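Residue strings, one per chain:
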Amino acid sequence: MNRIQGYVVKVWPLFPAILYLVSFQFIVLIYLLVLSLTAAGEPGSFPTVSTFSQLFGDRQFWQALNNTIVFTVIGTPLELLVGLFTALLLYRSFFGRNLIRSMFLIPLAIPALVTAMLIYILFDYPGGHVNHLLLGNYPILPRLINAPVSWRASQFTAMMLSLIGKVWRDMPISMLILLTGFNTIDSEILDAAKTMGATLRHRLFTIILPLIIPSISIVLLLRSVEMWKEFIFPFVLAGRFRFLGTLIDYYYNDIGNPHSAAAVALVMVVCIITTSMVLSKVVSLMKKVMLAV
Amino acid sequence: MKMSRLDTMPSPMAVSKKLIWITGVVAAMVVVLGPVYLLVKYSVSDIASINTGGKPIPFWPYHPTVEVYRYLFRDRQFYVVLGNSFFIALSTVICSLLLGVPASYVLARFRIPGRKIILLGIISVRLFPDIASVIPIVEFFIRIGAHQTYWGVILAHTLLALPYVIFIGIGAFESIPEDLEHQAWVMGANRFQTFIKVLFPIAVPGLAAAAIYTFLLSWDEFVFVYFLTFGRQDMFTLTLYLNGLKYAEPQNLMAATSVCLSIPVIIFSMFVQRYMVSGITTGSIK
Chain R
1 MNRIQGYVVK VWPLFPAILY LVSFQFIVLI YLLVLSLTAA GEPGSFPTVS TFSQLFGDRQ
61 FWQALNNTIV FTVIGTPLEL LVGLFTALLL YRSFFGRNLI RSMFLIPLAI PALVTAMLIY
121 ILFDYPGGHV NHLLLGNYPI LPRLINAPVS WRASQFTAMM LSLIGKVWRD MPISMLILLT
181 GFNTIDSEIL DAAKTMGATL RHRLFTIILP LIIPSISIVL LLRSVEMWKE FIFPFVLAGR
241 FRFLGTLIDY YYNDIGNPHS AAAVALVMVV CIITTSMVLS KVVSLMKKVM LAV
Chain Y
294 MKMSRLDTMP SPMAVSKKLI WITGVVAAMV VVLGPVYLLV KYSVSDIASI NTGGKPIPFW
354 PYHPTVEVYR YLFRDRQFYV VLGNSFFIAL STVICSLLLG VPASYVLARF RIPGRKIILL
414 GIISVRLFPD IASVIPIVEF FIRIGAHQTY WGVILAHTLL ALPYVIFIGI GAFESIPEDL
474 EHQAWVMGAN RFQTFIKVLF PIAVPGLAAA AIYTFLLSWD EFVFVYFLTF GRQDMFTLTL
534 YLNGLKYAEP QNLMAATSVC LSIPVIIFSM FVQRYMVSGI TTGSIK
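Chain order of the listed sequences is R and Y.
Each residue of the first sequence is one higher than the one before, counting from 1 in the working numbering.
Each residue of the second sequence is one higher than the one before, counting from 294 in the working numbering.
Any given hint could turn out to be false.
[What the hints assert, rightly or not] DSS-like mimics (lysine-lysine), calculated; alpha carbons at most 25 angstroms apart, straight line:
#1 R:194 <-> R:287
#2 Y:310 <-> R:194
#3 Y:409 <-> R:281
#4 R:10 <-> Y:539
#5 R:194 <-> Y:311
#6 Y:539 <-> Y:334
For the record, the hints were derived by calculation from the structure and aren't laboratory data.
These numbers were taken from a predicted model, which means no experiment stands behind them.
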């Protein structure tokens, strides 16, 4: 008894914070379930799946799901590639490396909303910088389009803008994760391989890549979660071409239907969990294949 | 002598590799810094450099001016918005430090059972999508009367910041040798005194980073403050104010507000860069 008492006295400072996090998470899950399993306008109808059946019959939902899937499937590997590229640039030590690394971190220091606004301005129609650039109005680039493009007006280009914004802002995150991965590689192994005549491609595929697979898998996992739940870029740049995130906002604030909004949120959570599980499976498979080769 | 000079002479292959590398660095710099430059350029642009009537927009305004900044800082509404942002961010810092610092101390010092699970749980709270948890929280806040109130926003931001504070705090306390505490106890200090007089002062740099990080998180948070103050213009923070400018010309006003929103973040991010980097690599920051 005394031991337990002494123990509680020691660790009680932990309780308020844990209680705070746990109770909020509990509230979130309960409300999500109750809201989405109740029909809009019928308070006593819990539990019913009518909100979900309504949602699954809504074209807007499928459109949003489709947009988010495309965004995730293109965006996640894109962030990985951009991160790999910048991490490779910074991998070797050189004069001014820390300074350049700090500069590469700047996008992270810019609020996502500001990045979205900046892209909004740069891709303005008809007179933004990008339109002028592609029209060949600056000497640095020949004329590539014949008429200014209204970037935010079509589904494809609006999604492209969201993607550009997202990848630009989050580039430092994948870069840093991959850089730590690169730093775990023992340079002596690389030197040894070099001395024994391994080409760059050889070294890349047999030494570097297998060693940084853990970092790659972290990037893929974390980034795909971020892609699924993206809100701010499509909110500013893709307007009526909704993603799951902006569909929640539409149902809740524009239509005033918390039930459908909660149902979409639940779908999003399920998608995230499924993706993470599939990805970790793929990563462990990749590890096995790499080891076999 | 001659041999060694030959040794250090770069081979043609190395030179071309170096060229590729330099091109890569320069290109990346342009992509990273170019947009930032253009944002600042827009904020000091005169109207003629934005509405050019079909002529290409110049890369430096014809007549640079700080007129929009002057306009912003003469606008009463802008001060209300700044005040809201500061008030919410500072209160969030206080709440999350009060909750988070003691917790991180315990997690750093005691091998409590289930420590790993607690840490994992804290991270997973952070991975749960904001946009999915915002609806339940708004509905809950409507029920308890916290919707469209400052303390509602502060509670929500504390929820977002707490995992970071705990993680940065654990790092700060773990770096302090345990002997220090034991010595304080031997000399007759109790746990509370030890914490306040010995540990806390040493942990201050790390905790300051946590505070700055929390401040920034609240300062540029959008989702929660947007849903929680929906329809209450008088409670708008700087992010919501900027969002409201989206449909309004002129663009230099948008750019200037963006710069005002970004400057504290950029400056303070430099102070907490080290912590940000380690947070990102452990997965607690995104």
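(request) Starting from residue 194 of chain R, check that the Cα of residue 311 of chain Y is at most 25 angstroms away, please. (result) 18 angstroms, holds
(request) Sort out whether residue 539 of chain Y lies within 25 angstroms of residue 10 of chain R, counting only the CA atoms. (result) It is violated: about 52 angstroms lies between the C-alpha atoms, which goes past 25 angstroms.
(request) For the pair we were handed, residue 409 of chain Y and residue 281 of chain R, check the Cα-Cα distance against 25 angstroms. (result) 23 angstroms, holds
(request) Below or equal to 25 angstroms on CA atoms is what counts here, so check residue 194 of chain R against residue 287 of chain R. (result) 24 angstroms, holds
(request) Quickly compare the C-alpha distance for residue 539 of chain Y and residue 334 of chain Y to 25 angstroms and report which way the hint goes. (result) Cα-Cα ~18 angstroms, so holds.
(request) Take a quick look at whether residue 310 of chain Y and residue 194 of chain R sit within 25 angstroms of each other, Cα to Cα. (result) Judged against 25 angstroms, a Cα distance of about 16 angstroms means the pair holds.
The structure fails hint 4 only (numbered hints given earlier).
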